[in-house]
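Enquirer: Can you build the whole structure from these sequences, using the hints too?
There are 2 protein chains.
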Amino acid sequence: MKPTKDIVIAGAGLVGSLLSIYLAKKGHSVRVFERRADSRKASIYQGRSINLALSNRGWRALEGVGVAEDIKRISIPMYRRVMHDTKGNLSYQPYGKDGEAIYSVSRALLNQKLLDIAEEMPKVSLQFERKCVGVDLEAAKLELEDPNGLRTEVQADFVFGSDGAFSAVRSAMERTDRFNYQQEYIEHGYKELSIPAGPDGSFLMEKEALHIWPRGDYMLIALPNPDGTFTCTLFFPYEGNPSFSSLKTLAEARTFFEEVFPDALALMPDFDEEWTHNPNSSLCIIRCYPWVKGKMALIGDAAHAIVPFYGQGMNSGFEDCRILDMILDEEDTWERAMERYQRERKGNGDAIAELAMRNFIEMRDLTADKEFLLRKRIEAKVAEKHPQTWLPLYSMVTFSHIPYERALQIGKIQDKIMKEVMNRSDIEEMWDSPEVEAAIIEAVQRYL
Amino acid sequence: MKPTKDIVIAGAGLVGSLLSIYLAKKGHSVRVFERRADSRKASIYQGRSINLALSNRGWRALEGVGVAEDIKRISIPMYRRVMHDTKGNLSYQPYGKDGEAIYSVSRALLNQKLLDIAEEMPKVSLQFERKCVGVDLEAAKLELEDPNGLRTEVQADFVFGSDGAFSAVRSAMERTDRFNYQQEYIEHGYKELSIPAGPDGSFLMEKEALHIWPRGDYMLIALPNPDGTFTCTLFFPYEGNPSFSSLKTLAEARTFFEEVFPDALALMPDFDEEWTHNPNSSLCIIRCYPWVKGKMALIGDAAHAIVPFYGQGMNSGFEDCRILDMILDEEDTWERAMERYQRERKGNGDAIAELAMRNFIEMRDLTADKEFLLRKRIEAKVAEKHPQTWLPLYSMVTFSHIPYERALQIGKIQDKIMKEVMNRSDIEEMWDSPEVEAAIIEAVQRYL
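Chains P and R, in that order, give the protein sequences.
Here the first sequence stands for residues 190 to 637, where the numbers follow our numbering.
Here the second sequence stands for residues 190 to 637, where the numbers follow our numbering.
Be careful, since some hints might not be right.
In silico DMTMM-like cross-links for lysine to aspartate or glutamate, where the CA-CA straight-line distance does not exceed 20 Å [stated by the list, open to error]: (1) R:K565 to R:E617; (2) P:K380 to R:D366; (3) R:K535 to P:E376; (4) P:K535 to R:E617; (5) R:K380 to P:D366; (6) P:K214 to P:D195; (7) P:K194 to P:E524; (8) P:K559 to P:D366; (9) R:K535 to P:E373; (10) P:K535 to R:E376; (11) R:K535 to P:E428; (12) P:K535 to R:E373; (13) R:K380 to R:E327.
By construction, these hints were calculated from the structure, which means they are not laboratory data.
Expert: What follows is the structure, given as structure tokens:
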């Protein structure tokens, strides 16, 4: 029996609340402090959320604390991408094999569910509206401020910073010697729009799908919600033409949507209001190391915030919790466990950051590309016939638990193989032939 | 006549003090605030300084305000590298053509001289021991704290942050949306050691040279001071073997030095004291963008701190001042000038950061490499005969005013050309031949 610890968690978002459950199950006593108000009591929509897409890594971490079934009831499976061209013509691309799906879920509902479960555990206490204003890494001490400006200190044996992309715990680490840190904003931002439900809560587009309007340098996407609505997100450059800067008036935005997203605009009665009032939000990638300094460790977005294009931000944070839980079981001492945690997870954090940027290009550009779709068809066929030999990159990331770092490595080799295959002059006629299939299998054996 | 401004400069280091002189000469009124005490009144040696090597970019910026001659009197030219092997055998490599040198100068003396000049100008005021504790970018306002904890606000038309690698102004920018930032610590740190003067202030090694003990993954260097001493710096990994971690005791450090730096150790009577008490200091590269936010701009290390291996940290900061001065003359409005300043200097900051890391590898590893030294000899010969066609990279960076970005670009092409040449099986016999010379000139015409 290992000694239990007095743990403090900064941040009661998705990762912080899940982590509190994992740690309390191990017998640790856990105090969680959150800057925001309790969203179960007062919810404020700020015109930005980016729908979450739960996939296998997330589900597995939720299963680990027994909440997966509850969550599944409030989520919608999305089995395929539906691509919309400028004429409103549709094309399709399945995400995986039959039955494989990613799940659209509301961030708020998921967070509330996790908080409910955490709160029921005797070893967990939650406090909201506590802003972290001071961090003493070596003493495992936080200074917290309540809404009246009253400050209190809390001290623990160990502190986890699950306080997100703009982590206060990480800010303190950043001021220590030899702490590597990068915040990188990409050239695109996003704006949220919406498609309302039809009569009787019906869906105005295919329900169990992720809709994409790929337009090369930018794209619109839509994810279904249980109430029949779709949350739409325009990912768009800040500068250049077209961009948030170039569309100076609502009229210009409307004209632009009429031209490039006519079928989506036709389903957006609130476009004018939403375009005008919803903010343009930025997208940031955070990289840092070490993740453990003194008696504190970073987890989730605080350690590795990424862009949302692979739907893996939450999933990777949940996986952090599951792997940490496993490592704490396997290692003799807390120190060794934390050292192994940061070493194992850092490479995977970097890999999913890279994969997410690659998937942006795939979604906005390649899904409108005939050659790319043919390549995906060939891969799907080979994967179906040789499941031990070929698992497409998307499936490795989304439907498997292969470490992201390894998935990226294999994916790069697959790219090389498929590039050779697609270079065949007869590929359009021969794509379905035993010859092409054999060439791929032979190449796998050569490279992997 | 352009309108003059009320300018505040945060930081009275080398770049801040030079900038104050440039701006005051234009008629602006300039208040400079410095966190540290006035080094002209109370100097504290902290066991770390890294000698400065002034080169042409720095000199030109100093000439622009008429102080170059004064500084030259307190500096020592270094005409060549002197490499020391483990047996104490010496080899040599000139830095440039006859008469070209880099200049060893004391950071403290140089800073004091610049402060003296700034202080004499009626348009400049200097205040020391004013720590910046608050920054309002949009209002051009700083909150400053004196040694008694008393806080005052100063407001200006525009603020420059020349407050170094750990800039308070930049920290405020870092918390604004879409500010890209990176702090990257390299795997090596440094420790300062010293060689005293001989009888009557004589030099115990060649005076007008930069001494290097290249040892592959690490190195020792020594720069001369006017009083006959040498300041030595060991650049050494933090981890691995050998490293600061692996040398656990003074005895182990001594044994190590006896083995790899015997001739240097023999000249270091204070080795035991210095090894024990001088700190191991880290080396950090800072990259960020934009450099201008609201009514503030970054300059020097605050915008682009680099590693010291090209001797260009100060030189690039001084060049920032000279180029900014020129741009302010050429542009109609302050806003356009600042936009052009950041655009032009950012690429050059990135380039010198990359060049400085490349030069570390050259110094610690390649200067002990026969093939590398042969390549340098070939380049020197071609450069001498075809000065319009071939200027070696080191000379472009150190002795010219070619933008760093362009120098790096040309340097990469030169690498490619010299790689082809060095691949000749007969290069050792033929290096001095007209044939090799012609091949190089032909390649330049092909690539450049």
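Enquirer: Compare the structure with each hint and give your call.
Expert: Hint by hint, here is what the structure shows:
Our distance criterion of 20 Å between C-alpha atoms is met by R:K565 and R:E617, whose separation comes to about 13 Å. For a cut-off of 20 Å, the pair hint linking P:K380 to R:D366 stands: about 15 Å separates their Cα positions. Annotation: proposed proximity of R:K535 to P:E376 holds, straight-line Cα distance about 17 Å (limit 20 Å). Among the hinted pairs, P:K535 with R:E617 is inconsistent with the structure: their alpha-carbon atoms are about 47 Å apart, more than 20 Å.
Proposed proximity of R:K380 and P:D366 is supported: the alpha carbons are some 15 Å apart, at most 20 Å. Annotation: proposed proximity of P:K214 to P:D195 holds, straight-line Cα distance about 13 Å (limit 20 Å). Annotation: proposed proximity of P:K194 to P:E524 holds, straight-line Cα distance about 13 Å (limit 20 Å). For the hint pairing P:K559 with P:D366, the CA-to-CA distance comes to about 51 Å; that exceeds 20 Å, so the pair is violated.
Among the hinted pairs, R:K535 with P:E373 is consistent with the structure: their alpha-carbon atoms are about 16 Å apart, no more than 20 Å. Between P:K535 and R:E376, the direct Cα distance comes to roughly 17 Å. Compliance with the 20 Å bound is thereby established for this hinted pair. Restraint check: the Cα-Cα separation between R:K535 and P:E428 comes to about 19 Å, which is no more than 20 Å; the hinted pair holds. Between the alpha carbons of P:K535 and R:E373 the distance comes to roughly 16 Å, so the proposed pair stays at or under 20 Å and holds.
Pair hint R:K380 plus R:E327 does not hold up; C-alpha atoms about 41 Å apart against a cutoff of 20 Å.
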